[in-house]
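Protein chains in written order, with the working numbering: chain A, 1 to 359; chain B, 1 to 539.
Hints in this document: simulated from the structure, not taken from any laboratory. Just so you know, not all the hints are guaranteed correct.
To be verified - Simulated crosslink set (PhoX-like; lysine-lysine; CA at most 25 Å straight-line): (1) Lys-333/A to Lys-14/A; (2) Lys-207/B to Lys-13/A; (3) Lys-13/A to Lys-178/B.
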Amino acid sequence: MRVSSMMLYDQLKKAIQGDIAELTEKNLRLATGKRINKPSDDPVGAARAIDYKVSISRNDQFERGIEQAKTFLDTTDKTLTSAQDTVAELSKLFSDGVNISDASEMDFYANQAASYRDFLQTLSNTRLGDRYIYSGFRTDRQAFTFNATTNHYDYNGDLGEISVPVDRGGAAQMNVQGSTAFSVTMSGTTPTSLADGTPVSYTQAKDPSTGVNTITIEIGNAGDPDYDTFSVSNVMDIANYMSFAWQAQDVDGTDLDASASVSSQKAKHRIEALAAPLKEAGAQMLQVQSEVGIRQNFLADQQARLEQSSLALENMRAKTEDADINETIIEIKSAEVALEALRSSSAQILSQSLFDFLQ
Amino acid sequence: MSISGLLNIGKTAMLSSQAALAVTSNNIANVNTPGFSRQEVILGISSPTQSGGLSIGNGVTVEGVRRNYDSFIQTQILGQSQNQGRSTALDKAFSEVEQVFNESGDLGISGALSDFFNAWQEVAANPEGQPQRTLLIQKANSLVQRAQAAEQGLTGTINQINEEIDGIVSQVNGIATKIASLNGQIIQAEAGQQPGTAIGFRDQRDKLISDLGNLVDTAAYESQDGSLTVLIGSRNLVSGSNAKEISSAINPEGNSELFLDNTNITQEISKGQLGGFLSARDEIAATPLTDLRKLIASVVKEVNLQHQSGYGLDGSTGNDFFGALQVSGRDYSEGADISVASITDLSQLTLEEYNITFDAANNYSVRNAQTGSLVTSGAYVSGNPINFDGMEVTISGAVSASDRFFISPLTDAVGNFSVAVSSNNTIAAASAASGLPGDGSNAVSIGELSDSTIANLGDSFSDFYRSIVSYAGTASQEASDSLAFENNLADELNTRREEMSGVSLDEEAINMIRFQRAFEAGARMVSVTDELLQTILNL
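In isolation and in its complexed conformation, chain A is listed as follows (with noise of 0.2 Å):
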């Protein structure tokens, strides 16, 4: 093969070019530490990476709001614990209380059960941050307030589920409402008489667009002196009628009856006859805290979960998208070797020629 002198200059040309250019991409490799610089260094790999990176913010923003249902949880719980705790004292002033008649003494338990009464509306207007967490979606106002007019406790909330997105499709509730912690339910058979024999009979009505059940009590035969009756929707109301009771009042402060024994009997009997709505309060009260408690596991096992995806999805995409740096800085110096090895040898070549040895 004949080789003309731009043939040798064009191929050293070539080879140098060429050589540098290599070298020139491994180091915008080890500057980047990342293999794939554009997307034509590896169309589906660059492809991938972006899949692992949508997946990995996703599960960031999942986390993010488990991180903020675990924080509404908790606060449900920890009122919940304190109702019900309140609602426990009730049960045992009730227990104490029910057969007592000495006036003073009298005082001394409907001034606890208004306490108690008015602890447990405070808890039911607990907030987190500027929100009511009971109220369902009317968070800007309180849960439970007092009705001047009717004397009982109206529940200003509605049902609705504050969801949070933890999962692809999957969001979890974190309120409780209010008309589901605080409004009594009896099921089951209800008592149909009290202690001393004095028919007792319960009707209830849910609300369903707030789920507020009215529990209308009644005392003794219609017609009886001694006929009484009354409705309470929430442990506030059941409180507060214990209270009042205890000053044989109705809750608007006026006596039960004309007659002070007759009054003081009713008082008797409303107090007996809260026991069993006061009984299912508690049990209630249990039942939506041991279903905070399954929410919460949930929550802490969703959040195991999903550190766990995005550890192996960060593993896949540095193995896709990351520069080896220890197999870079080798390619890199053996690409420095050649360069200069072809460096040397091209100085040679072409700086001879026969002009050089002729006379």
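The hints should help you fit chain B onto chain A, whose structure is shown.
Coordinates of chain B only, in the frame set by chain A:
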């Protein structure tokens, strides 16, 4: 044999060596000239004299100068330079395109899309909060910016290609002029001579035609008088010493098209840099640009549809989150115009593009612009609305069978992409007015769009975008692999050409010695003859 005969023989020796040295030094001078073919002096025996039964030679003559040239390789080089030019252009165009979709720095669209949908989740968890809503609007604006930057990257590349095309057109015209003038010179120089003798001009012309091939699809053939006829798109660009010009003009879509002899030759050009740029321009507009617009249009459609059904903190409903999609039309008709083009039902939009054409009986057909499949047809009445796929188009005026209207909801999708909610409280996080302020379920639904398969795209938003990135990467990789291959092939052919036609300095040095010695010997002979003459004269 006379003394003067001897002198003559010596003279031929010296003169022919001189000529040979001239050729050798020409070769040495042109060692680095691209396209130069090594020249060789053709020495021949001078016709011998018959004298009394003896045949005595008369020295050497220079019969000519030959250039070492293989026309077969030259043809191959011309063909290869066209492929190389095409690959160069494609590689240049697609490496720009892939930079638009370069996600390695986390500054791309996929990050912005993720952040946008994540921000919706934050609002879902805390619908009453103002900071979350502010963040959502911020992320939405980020997404708008990135999408618009990407579109500008692509349209910028297309504009650059159009400019390159114009630049190449003037280069082509320049080369054509030079070839024409060389044709004239060659015809003159070779008039009455053997063809192929004007070697200097021919070398120059070969180089020029090869350069031309790199720029554009070209065919060339030589005629009897030595002139080269050059054709582009089956039309003469150069014939004899006349050169025509290619011109470029902008078509209604804003792209440059090429004309020769008042004929549109754009479709005929597929090789050379021009061919490469034309192909790249069409592909970029058809695939990544249209797909990007479709992605954004889809985001606007899905988010708006869901957002319209929700309630803001201020109780308002039916609001768009993003600026509404618009229908744009392009009119290829003399007598008729589009008077109305609007979206009637957002949920029915297919996000495809359409052509409305007419037949001789004044019936219209609406066809999918990509697949050509018929969407709807009917009798055309000027001013009556044509409804299809959630859009309404009204055309007024007289139409002819060659008219066409191009309708698309995608053309301005990214240009008009913007956040339309007027304030934080208009963001519809709630699904029902009764659920305010704590209801975040509509925000949850919008957030979940990022994982759902979108009917118009056939994929989720993120997967559809990934396929665009994959396309850009693959196209660029293919183009650069192809360029490497073509370059290698071109280098191979060049090496073969050099083998035949290249100058080797060492070889020329040897020639130089050879002819120098021959000259010295001839000169010596002349001086010996001179001595002989002296001897005779002194008799």
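- Message: Let me make sure I understand: some of the numbered hints might not hold for this structure. Which ones are they, in numerical order?
- Response: Hint 3 contradicted; others consistent.
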